[in-house]
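Number of protein chains: 2
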Amino acid sequence: MTRLVECIPNFSEGQCPEIIQSIADAIISVDTARILDIHSDRDHNRSVISFISKPEQAVEAGFRAIKKAWELINMASHRGVHPRIGACDVFPFVPLDGMTMDNAVLLASELGKRVGEELGIPVYLYEFAARTEERKNLANIRRGQYEGLLKSIAEDPNRSPDFGPAKLNLKSGATAIGARNALIAFNVFLNTEDKAIGRKISNSISESQGGFKCVKSLAFEIESRKQIQISMNLTDYKVTSIGKVYEKIKSEADKMGVDIVSSEIIGLIPFDSAADIVNFNIRVEGFSKSKILEERIKQVTKADIN
Amino acid sequence: MTRLVECIPNFSEGQCPEIIQSIADAIISVDTARILDIHSDRDHNRSVISFISKPEQAVEAGFRAIKKAWELINMASHRGVHPRIGACDVFPFVPLDGMTMDNAVLLASELGKRVGEELGIPVYLYEFAARTEERKNLANIRRGQYEGLLKSIAEDPNRSPDFGPAKLNLKSGATAIGARNALIAFNVFLNTEDKAIGRKISNSISESQGGFKCVKSLAFEIESRKQIQISMNLTDYKVTSIGKVYEKIKSEADKMGVDIVSSEIIGLIPFDSAADIVNFNIRVEGFSKSKILEERIKQVTKADIN
Chain W
459 MTRLVECIPN FSEGQCPEII QSIADAIISV DTARILDIHS DRDHNRSVIS FISKPEQAVE
519 AGFRAIKKAW ELINMASHRG VHPRIGACDV FPFVPLDGMT MDNAVLLASE LGKRVGEELG
579 IPVYLYEFAA RTEERKNLAN IRRGQYEGLL KSIAEDPNRS PDFGPAKLNL KSGATAIGAR
639 NALIAFNVFL NTEDKAIGRK ISNSISESQG GFKCVKSLAF EIESRKQIQI SMNLTDYKVT
699 SIGKVYEKIK SEADKMGVDI VSSEIIGLIP FDSAADIVNF NIRVEGFSKS KILEERIKQV
759 TKADIN
Chain P
459 MTRLVECIPN FSEGQCPEII QSIADAIISV DTARILDIHS DRDHNRSVIS FISKPEQAVE
519 AGFRAIKKAW ELINMASHRG VHPRIGACDV FPFVPLDGMT MDNAVLLASE LGKRVGEELG
579 IPVYLYEFAA RTEERKNLAN IRRGQYEGLL KSIAEDPNRS PDFGPAKLNL KSGATAIGAR
639 NALIAFNVFL NTEDKAIGRK ISNSISESQG GFKCVKSLAF EIESRKQIQI SMNLTDYKVT
699 SIGKVYEKIK SEADKMGVDI VSSEIIGLIP FDSAADIVNF NIRVEGFSKS KILEERIKQV
759 TKADIN
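From first to last, the protein sequence lines stand for chains W and P. Each residue of the first sequence is one higher than the one before, starting from 459 at the first, in my numbering. Each residue of the second sequence is one higher than the one before, starting from 459 at the first, in my numbering.
Any copy will do: because identical chains look the same in the list, a pair fits if it lies in one copy or spans two.
For lysine to aspartate or glutamate, the following DMTMM-like pairs were computed, each having C-alpha atoms within a straight-line distance of at most 25 Å: (1) LYS702 / ASP730; (2) LYS760 / GLU514; (3) LYS706 / GLU722; (4) LYS674 / GLU743; (5) LYS684 / GLU710; (6) LYS525 / ASP489; (7) LYS512 / ASP560; (8) LYS625 / GLU613; (9) LYS706 / ASP734; (10) LYS629 / GLU568; (11) LYS671 / GLU710; (12) LYS671 / GLU705; (13) LYS756 / ASP483; (14) LYS760 / ASP489; (15) LYS747 / ASP483; (16) LYS653 / ASP712; (17) LYS671 / GLU722; (18) LYS512 / GLU752; (19) LYS756 / ASP489; (20) LYS756 / GLU722; (21) LYS696 / ASP734; (22) LYS756 / ASP694.
Calculated directly from the structure, the hints in this document are not laboratory data.
Sequences and hints are given; from them, build the entire structure.
Quick look at the structure:
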């Protein structure tokens with residue numbers, strides 16, 4: 459089996475497709491790197507590039523991406539509703555089949571070291587790559603965002619980076635680099651502009667507010683759509699599925715007299731999490747990959763029918 | 459591309475797994491035939507075997523299956539809630555990629571001829587294989603079921619079979635053999651034993667009762683579960699999706715104070731129809747195969763990463 463790692467860097471640019479394309483081009487200039495998905499959001503002013511690569515080349519691909527973002531994105535003038543600390547705001551490595559989390563942690567450290575030393579960008583290692591308990595949680599690293607970090611990084615020893623200078627480069631800000639399990643980034647849009655309703659619904663599902671396990675959630679005001687967005691990370695869909703949060707949001711929205719307009723998945727989701735929707739929301743008994751015609755044909759014809 | 463045909467024969471036996479296994483064994487005794495799925499239902503007293511084969515060998519595999527059913531199933535003592543006319547009640551050919559419906563019609567005729575002549579079973583060709591307008595609709599062929607056909611086959615010239623004698627073999631009954639597009643067999647269970655509620659809900663979605671296009675629907679009383687089952691064929695999921703009928707059944711059930719317990723998919727469904735559920739029931743904008751991680755990795759690594 460080919461060992462592969464998935465990287466899902468987030469960049470603080472969602473309005474200029476040329477910049478994002480340049481970053482994607484920098485990634486695929488590395489031999490085995492392949493873009494899986496690019497998702498740009500104007501209101502977040504943020505783009506998520508999902509790519510895979512052989513682990514041996516993932517650090518080089520990541521370095522080229524962050525360097526390109528450092529060249530082309532200017533944090534000093536960045537505005538957007540999503541929390542962020544830098545031009546490449548966050549860069550997670552996710553181990554795929556044939557790779558361990560320890561492997562991914564090593565890649566995160568290696569990339570962090572190069573970004574800190576060669577680009578002079580403060581780097582914070584997070585989640586499985588974190589070197590302190592506090593930095594396991596990305597929200598702690600991002601507290602106060604770019605603007606807050608600008609003030610506190612030199613003064614507060616707790617905010618001293620794992621690599622690079624304890625001084626924020628005005629143009630690029632800082633970068634969080636980590637290793638984590640696959641997560642699902644799932645957003646739901648509501649036909650209201652009422653932030654209080656958004657907060658209430660977000661709190662009803664967010665683990666930190668006593669909601670569902672393995673759900674991080676924020677409510678954003680999306681001006682271009684005149685809607686509230688419930689923006690979620692499902693950090694373990696086997697614990698809390700897309701369908702489960704969707705139903706909860708729907709029932710909470712019903713109570714407050716608002717409707718779900720639509721939803722979106724940022725990046726990619728594992729097949730099983732889509733099967734969960736069939737299972738949970740349509741209550742299909744025992745639904746699995748083997749019930750999908752194309753998949754099942756592949757299974758039975760693999761070896762010998764050709 | 460390997461040309462493949464899918465066959466989804468339905469047999470009037472759902473209580474004795476050994477009989478169904480013998481039929482499946484008869485199918486795979488043919489070189490390129492592969493079983494995709496076996497679904498047995500005790501209350502319907504019926505089993506659905508989904509298999510694929512190269513077209514050149516599909517008729518032989520089908521003939522062996524029907525012959526085995528003719529040997530092992532006795533219609534004279536068969537009881538079950540699903541309409542049926544014979545031991546192998548219905549045998550559809552579905553053209554897959556690389557095959558046309560005309561090809562499938564030829565296979566149906568060829569199998570019908572062999573079953574009629576060699577086993578002496580009356581065979582009715584249906585849907586795309588039908589030779590009269592009336593027989594395009596399987597329900598017309600199955601009218602009165604096995605018991606009704608027993609009386610009328612010799613007397614009513616309209617019921618004269620396309621192949622085989624105009625006389626019902628008591629043990630095996632008759633068989634409908636046809637060619638059709640892929641359909642989705644989808645059942646929903648309700649926590650009620652009230653047949654009137656079942657009929658009302660079934661009528662609300664059935665095309666013949668003014669419901670959704672491309673939906674055939676019946677309500678059955680499922681004794682072993684003490685539930686009503688809404689049993690559907692979705693003949694074109696691109697016109698009416700699983701999610702759409704599910705939501706309609708749910709809202710009708712709500713009105714009558716009953717709940718959906720669960721649902722089931724008989725046989726297999728195309729990937730796109732599962733994606734439709736994600737799209738329709740979770741309202742995910744632009745959901746497609748390319749949003750599934752495993753699928754997308756296959757797409758980008760196909761040629762050259764290994």
